[in-house]
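Residues per chain, in single letters:
2 protein chains.
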Amino acid sequence: MGNEQLEQLRVKLDDVNLKLLDIINERAKLVQEIGQVKKTQGVNRFDPVRERKMLDMIAEKNEGPFDTATLQHIFKQIFKLSLELQEDDSRNTLLV
Amino acid sequence: MGNEQLEQLRVKLDDVNLKLLDIINERAKLVQEIGQVKKTQGVNRFDPVRERKMLDMIAEKNEGPFDTATLQHIFKQIFKLSLELQEDDSRNTLLV
Numbered sequence: 001m002g003n004e005q006l007e008q009l010r011v012k013l014d015d016v017n018l019k020l021l022d023i024i025n026e027r028a029k030l031v032q033e034i035g036q037v038k039k040t041q042g043v044n045r046f047d048p049v050r051e052r053k054m055l056d057m058i059a060e061k062n063e064g065p066f067d068t069a070t071l072q073h074i075f076k077q078i079f080k081l082s083l084e085l086q087e088d089d090s091r092n093t094l095l096v
Numbered sequence: 001m002g003n004e005q006l007e008q009l010r011v012k013l014d015d016v017n018l019k020l021l022d023i024i025n026e027r028a029k030l031v032q033e034i035g036q037v038k039k040t041q042g043v044n045r046f047d048p049v050r051e052r053k054m055l056d057m058i059a060e061k062n063e064g065p066f067d068t069a070t071l072q073h074i075f076k077q078i079f080k081l082s083l084e085l086q087e088d089d090s091r092n093t094l095l096v
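Protein chains in written order, with the working numbering: chain A, 1 to 96; chain B, 1 to 96.
Don't read these hints as lab results, they were simulated from the structure. No false leads were mixed into what you were given.
Here are some chain B residues pointing at chain A (derived, C-beta under 10 Å): (1) 6; (2) 17; (3) 25; (4) 28; (5) 30; (6) 54; (7) 67.
Taking lysine to aspartate or glutamate pairs in the EDC-like style, the calculated list, with each CA pair at most 20 Å apart, reads: (8) A:39 / B:4; (9) B:76 / A:14; (10) B:53 / A:14; (11) A:19 / B:15; (12) B:53 / A:15; (13) A:12 / B:26; (14) B:39 / B:88; (15) A:61 / B:14.
Since this is a predicted model, take the numbers as computed values, not measurements. By construction, the Cβ of each residue, glycine as well, lies at the ideal position given by its N, Cα and C atoms.
Please construct the entire structure, taking both the sequences and the accompanying hints into account.
Have a look at this one:
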């Protein structure tokens, strides 16, 4: 019985992992688009004020079980990796 | 025009951030449930074989723009923090 329950929860977890994968990549595409717009405007890609606002929104909307500090840590990682993705885009543009 | 476009993309990004927040917390709830079931079975919470399978699924299903190594890095962080969440649950159980 326990094993069956565990198996069901794991099927759900796999499904959630795939949703998470989709959303993270959807987010990355948006960040790339934003990077393109900023590039045409000659604006710096890294915007600490905007990042702070996004982190504040996480704090405001978080209903757990993760605490806000943990979630902000995950989001900061994603912000950092997204910025690196934009930098790779610029580097590729320079190479072609 | 560029600013309007940027504003629209940021509204979309805020929306995606909230979806991401929901999914991460939904995942955390499932992991807590799995932790409870494992506890009644006396099984170790950390399961490297299961983690490997989840990371392989990420590799298989990833369509970018993030590369697989980056995504696996993000997921490993989430796995680690989820395990800590389960440990907090156990600690709280011990305290009451």
